[in-house]
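Undergrad: Residue strings, one per chain:
There are 2 protein chains.
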Amino acid sequence: MNIRFYNARILSLENGTGIISGELWVLGDRISYIGKEKDNDIKWDRQIDVDKDLLMPGFKNAHTHSGMTFLRSMADDLPLDRWLNEQIFPREAKLSGEDIRFCTKLAILEYLTSGITSIFEMYLDPEIIDEACIESGMRCVQVGGMNNFSQSLKLQEEYYTKLNSGSSLTSYMLGYHAEYTCSKELLSGLSALSHKYSAPVFSHNSETASEVQGCIERYGLTPTQFADSLGLFDHGGGGYHCVYLSDEDVDIFRKKGLSIVLNPGSNTKLASGIADISRYLDAGINLAIGTDGPASNNCLDMFREMFLVTGLSKLHEKDASAVDATDVLIMATKGGAKAMGLSDCDCLSEGKKADIIRIGLHDPNMQPLNNIAKNIVYSGSKMNVKMTMIDGVIRYEDGNFDIGQDPKEIYSYVQDLADRLR
Amino acid sequence: MNIRFYNARILSLENGTGIISGELWVLGDRISYIGKEKDNDIKWDRQIDVDKDLLMPGFKNAHTHSGMTFLRSMADDLPLDRWLNEQIFPREAKLSGEDIRFCTKLAILEYLTSGITSIFEMYLDPEIIDEACIESGMRCVQVGGMNNFSQSLKLQEEYYTKLNSGSSLTSYMLGYHAEYTCSKELLSGLSALSHKYSAPVFSHNSETASEVQGCIERYGLTPTQFADSLGLFDHGGGGYHCVYLSDEDVDIFRKKGLSIVLNPGSNTKLASGIADISRYLDAGINLAIGTDGPASNNCLDMFREMFLVTGLSKLHEKDASAVDATDVLIMATKGGAKAMGLSDCDCLSEGKKADIIRIGLHDPNMQPLNNIAKNIVYSGSKMNVKMTMIDGVIRYEDGNFDIGQDPKEIYSYVQDLADRLR
Numbered sequence: 001m002n003i004r005f006y007n008a009r010i011l012s013l014e015n016g017t018g019i020i021s022g023e024l025w026v027l028g029d030r031i032s033y034i035g036k037e038k039d040n041d042i043k044w045d046r047q048i049d050v051d052k053d054l055l056m057p058g059f060k061n062a063h064t065h066s067g068m069t070f071l072r073s074m075a076d077d078l079p080l081d082r083w084l085n086e087q088i089f090p091r092e093a094k095l096s097g098e099d100i101r102f103c104t105k106l107a108i109l110e111y112l113t114s115g116i117t118s119i120f121e122m123y124l125d126p127e128i129i130d131e132a133c134i135e136s137g138m139r140c141v142q143v144g145g146m147n148n149f150s151q152s153l154k155l156q157e158e159y160y161t162k163l164n165s166g167s168s169l170t171s172y173m174l175g176y177h178a179e180y181t182c183s184k185e186l187l188s189g190l191s192a193l194s195h196k197y198s199a200p201v202f203s204h205n206s207e208t209a210s211e212v213q214g215c216i217e218r219y220g221l222t223p224t225q226f227a228d229s230l231g232l233f234d235h236g237g238g239g240y241h242c243v244y245l246s247d248e249d250v251d252i253f254r255k256k257g258l259s260i261v262l263n264p265g266s267n268t269k270l271a272s273g274i275a276d277i278s279r280y281l282d283a284g285i286n287l288a289i290g291t292d293g294p295a296s297n298n299c300l301d302m303f304r305e306m307f308l309v310t311g312l313s314k315l316h317e318k319d320a321s322a323v324d325a326t327d328v329l330i331m332a333t334k335g336g337a338k339a340m341g342l343s344d345c346d347c348l349s350e351g352k353k354a355d356i357i358r359i360g361l362h363d364p365n366m367q368p369l370n371n372i373a374k375n376i377v378y379s380g381s382k383m384n385v386k387m388t389m390i391d392g393v394i395r396y397e398d399g400n401f402d403i404g405q406d407p408k409e410i411y412s413y414v415q416d417l418a419d420r421l422r
Numbered sequence: 001m002n003i004r005f006y007n008a009r010i011l012s013l014e015n016g017t018g019i020i021s022g023e024l025w026v027l028g029d030r031i032s033y034i035g036k037e038k039d040n041d042i043k044w045d046r047q048i049d050v051d052k053d054l055l056m057p058g059f060k061n062a063h064t065h066s067g068m069t070f071l072r073s074m075a076d077d078l079p080l081d082r083w084l085n086e087q088i089f090p091r092e093a094k095l096s097g098e099d100i101r102f103c104t105k106l107a108i109l110e111y112l113t114s115g116i117t118s119i120f121e122m123y124l125d126p127e128i129i130d131e132a133c134i135e136s137g138m139r140c141v142q143v144g145g146m147n148n149f150s151q152s153l154k155l156q157e158e159y160y161t162k163l164n165s166g167s168s169l170t171s172y173m174l175g176y177h178a179e180y181t182c183s184k185e186l187l188s189g190l191s192a193l194s195h196k197y198s199a200p201v202f203s204h205n206s207e208t209a210s211e212v213q214g215c216i217e218r219y220g221l222t223p224t225q226f227a228d229s230l231g232l233f234d235h236g237g238g239g240y241h242c243v244y245l246s247d248e249d250v251d252i253f254r255k256k257g258l259s260i261v262l263n264p265g266s267n268t269k270l271a272s273g274i275a276d277i278s279r280y281l282d283a284g285i286n287l288a289i290g291t292d293g294p295a296s297n298n299c300l301d302m303f304r305e306m307f308l309v310t311g312l313s314k315l316h317e318k319d320a321s322a323v324d325a326t327d328v329l330i331m332a333t334k335g336g337a338k339a340m341g342l343s344d345c346d347c348l349s350e351g352k353k354a355d356i357i358r359i360g361l362h363d364p365n366m367q368p369l370n371n372i373a374k375n376i377v378y379s380g381s382k383m384n385v386k387m388t389m390i391d392g393v394i395r396y397e398d399g400n401f402d403i404g405q406d407p408k409e410i411y412s413y414v415q416d417l418a419d420r421l422r
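Protein sequence lines correspond, in order, to chains A and B.
The first sequence begins at 1 in my numbering and counts up by one.
The second sequence begins at 1 in my numbering and counts up by one.
What the hints contain is simulated information worked out from the structure, not anything from laboratory work.
Treat the hints with care, as some may be off.
Copies of one chain are not kept apart here, so a pair can be met inside one copy or by any two copies together.
[Unchecked claim] Only pairs whose alpha carbons sit at most 20 angstroms apart, straight line, appear in this in silico EDC-like list of lysine to aspartate or glutamate:
no., residue 1, residue 2
1, LYS408, ASP344
2, LYS318, ASP81
3, LYS196, ASP344
4, LYS318, ASP276
5, LYS334, ASP324
6, LYS318, ASP29
7, LYS52, ASP406
8, LYS52, ASP416
9, LYS94, ASP419
10, LYS408, ASP51
11, LYS196, ASP398
12, LYS408, ASP49
13, LYS196, ASP419
14, LYS52, GLU409
15, LYS184, GLU127
16, LYS52, ASP419
17, LYS154, GLU92
18, LYS154, ASP49
Using the sequences provided together with the hints, build the complete structure.
TA: This is how it looks when you write it as structure tokens:
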């Protein structure tokens, strides 16, 4: 499809947060032009009057477990250990591949409403997830969730090879669930795999104080230091959550060029704590933002996450000037793309992939237009997402979905599943 | 207008959070029936198939300064004192009555998108605000914002008399801005007024640690103790923010039957701190929730506030089970109504005012329906608000407004104002 957007405000994020007025052309899956209105003889499939709304790069949800949608609001307001051991793990153990396919698609519907155009996914059954994303048109980078109980090294290598040779919409990165669920032997094996493929490695890292304490007791090292000591970061990568990083940990992230993926909604609901983001910014570390899974958040909403990144930092530092909202918008877009290795999806410019969202500026929470970037971070809501385009295809527009399946079928399947497992 | 809603889920909140299936009738400005489908010979103006969405009481925004919309995103990420003294106060001083009318209407548009059916308002020019709310159909309880610089006792008594004898949609309560902006003489005078009319009194109270410290230095008492010592709470009332209450303060709130209005979004963005909500709940104090004004939040979104009430409590107490989301839904509806003296608007039942919202359950963030109340608090968004009815009149439905004026006119006026004052 060739689509011309005109009469638009465009926040390209190519350089800074300046906004230009004009038009944006999409030919196939890529952006072919951004600039002033100009003549052309292209055969357009659609020409869309953007009515001075904003076009900007889609958000990158840089950490999630999409398949957990069936657990939303099933067990909240419980202490963390009871929540995980009594409510989550026993039910997850009963999931079939088809269950995961439908639960992932329910999450994809929600991502689209929140302007999310790619996800950094860690969950069970990677082949099914890969299919679900391709079927729905969602850009997805999966990461291995290997641990002592599932997804062996052998399987991870198979996934790595297979899922990186299929659709250009999906890819696979090496990873492990977390230090506390993996033996040293397993992690050494993963390090060897990372060296074999020169591949970055991601995992949950320092999400809670007790996790860090446990690792120190086991190895005399923090999770970051321990991973680094095994060579797991020799080809880059990073960590999810990273609430409790020591200065030495931060230095490892800096030296190895690793990314930190912040998950403030989940860290809030599960009472994990507040990450020391200014320290990470000062060290020049690439920061990205993720929703985490829908059991621990419970919603998949980048607007909530963006507000929390700046808001919680302000509370944490007792300083209303901490972590400027403009920096947060960069984290939610370019920062995520960098962490996920999506160098073609980070900003809007000629030749980049057409992962584009339209933010309605004619809604009351977006008025007046004193500072559009700050409006998005401080006042933005899913209600402002008027369109979500991924790889040149409009998957969500004015409340309607186009993911190759009726949302009602997806809702019905997941409701039945939830009823069965409750 | 007589309106019949059928095929609905109804969360009446009359007793607990049980949900019934059936229909709800509105005759004029009141609810006349809730229950199973039944025959009737009423002449309906509209019969609305709710498609198994949820009808529930509208949210009560129990603390706001609506007229500040022009300041949204004009000056963020600044230290609190610079923000207030350099950015806010000088611009507010330039506002005309018409400016406040339009700014208030912009806020009202946003309230409607967030399912807010009444506001507890403190701002400049109460007569204009009263008019703006009546013109737009917004239920509004104003409260005096008297201080050493504006709104004298004489004026406050005039407002009290005049604005409580007009439309049933609006009313006026006694109040003062805060202890630190009012002399002891002024507050003693207000206490006399409160005793004269047996009227409750509200004010900002203990929003920051330094505010409490200043009061202790001036009077040897906290703001709560000082107000109580002047007899300001003898006829009830309460405080906004209440982040820093001592045990003795909490006891005064309990004994005098006062309400605490929580403002977590504002307290977060301005780095004021986290209120100790479990302690207030344990004391049995009535809790309500407000957005505060759009310069300090920046959005007027009860979904954000509800999540923050439970989420920040969890962080504050380092306990994922702190402040159950169901309690939060009560605060945002019945708690607010109680604080604002709106005993006819607290829940959905026969004879109550028809302040009703429709929450779409067929959106992905509301699926599956494991627990609808928790879905609303944890996953809810403005995008789920399909209808907002106030006093029996539908003011917002499927993205369209009916407030007697074209939203574009309002946007245009406020944009011009913002451009002029920036």
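Undergrad: Look at each hint and say if it fits the structure.
TA: Now the hints, each set against the structure:
1. In this assembly of identical chains, LYS408 and ASP344 lie within 20 angstroms of each other by CA distance neither inside one copy nor across copies; the values are 33 angstroms within and 37 angstroms between.
2. When the C-alpha separation of LYS318 and ASP81 is checked against a cutoff of 20 angstroms, the pair qualifies only between copies, where the shortest distance is 13 angstroms, while the shortest distance within a copy is 30 angstroms.
3. When the C-alpha separation of LYS196 and ASP344 is checked against a cutoff of 20 angstroms, the pair qualifies neither within a copy, at 25 angstroms, nor between copies, at 70 angstroms.
4. Taking the shortest Cα distances, LYS318 and ASP276 sit within 20 angstroms of each other both inside one copy (12 angstroms) and across copies (16 angstroms).
5. With identical chains, the CA atoms of LYS334 and ASP324 are at most 20 angstroms apart within one copy only, with a shortest distance of 16 angstroms there and 36 angstroms across copies.
6. Proximity of LYS318 and ASP29 under a CA criterion of 20 angstroms is satisfied in neither setting, with 45 angstroms inside one chain copy and 46 angstroms between copies.
7. Taking the shortest Cα distances, LYS52 and ASP406 sit within 20 angstroms of each other only across copies (18 angstroms), while inside one copy they are farther apart (31 angstroms).
8. In this assembly of identical chains, the alpha carbons of LYS52 and ASP416 lie at most 20 angstroms apart only when taken from different copies (17 angstroms versus 43 angstroms within one copy).
9. In this assembly of identical chains, the alpha carbons of LYS94 and ASP419 lie at most 20 angstroms apart only when taken from the same copy (13 angstroms versus 58 angstroms across copies).
10. Proximity of LYS408 to ASP51 under the C-alpha cut-off of 20 angstroms is restricted to the inter-copy arrangement: shortest distance 13 angstroms between copies versus 31 angstroms within a copy.
11. In this homomeric assembly, LYS196 and ASP398 never come within 20 angstroms of each other (Cα to Cα): the closest approach is 46 angstroms inside a single copy and 55 angstroms across copies.
12. Proximity of LYS408 and ASP49 under a CA criterion of 20 angstroms is satisfied inter-copy only: 18 angstroms between copies versus 30 angstroms inside one chain copy.
13. In this assembly of identical chains, the alpha carbons of LYS196 and ASP419 never lie at most 20 angstroms apart, being 45 angstroms within a copy and 58 angstroms across copies at closest.
14. With identical chains, the CA atoms of LYS52 and GLU409 are at most 20 angstroms apart between copies only, with a shortest distance of 16 angstroms across copies and 35 angstroms within one.
15. For the identical chains of this complex, LYS184 and GLU127 are neighbours neither inside a copy (26 angstroms) nor across copies (71 angstroms), given an alpha-carbon limit of 20 angstroms.
16. In this homomeric assembly, LYS52 and ASP419 come within 20 angstroms of each other (Cα to Cα) only across copies, at 18 angstroms, whereas the closest approach inside a single copy is 45 angstroms.
17. Neither within a single protomer nor between protomers do LYS154 and GLU92 lie at most 20 angstroms apart by alpha-carbon distance, with minima of 22 angstroms and 66 angstroms respectively.
18. Taking the shortest alpha-carbon separations for LYS154 and ASP49, neither the intra-copy value of 51 angstroms nor the inter-copy value of 55 angstroms comes in at or below 20 angstroms.
In this structure, the hints that do not hold are numbers 1, 3, 6, 11, 13, 15, 17 and 18, in rising order.
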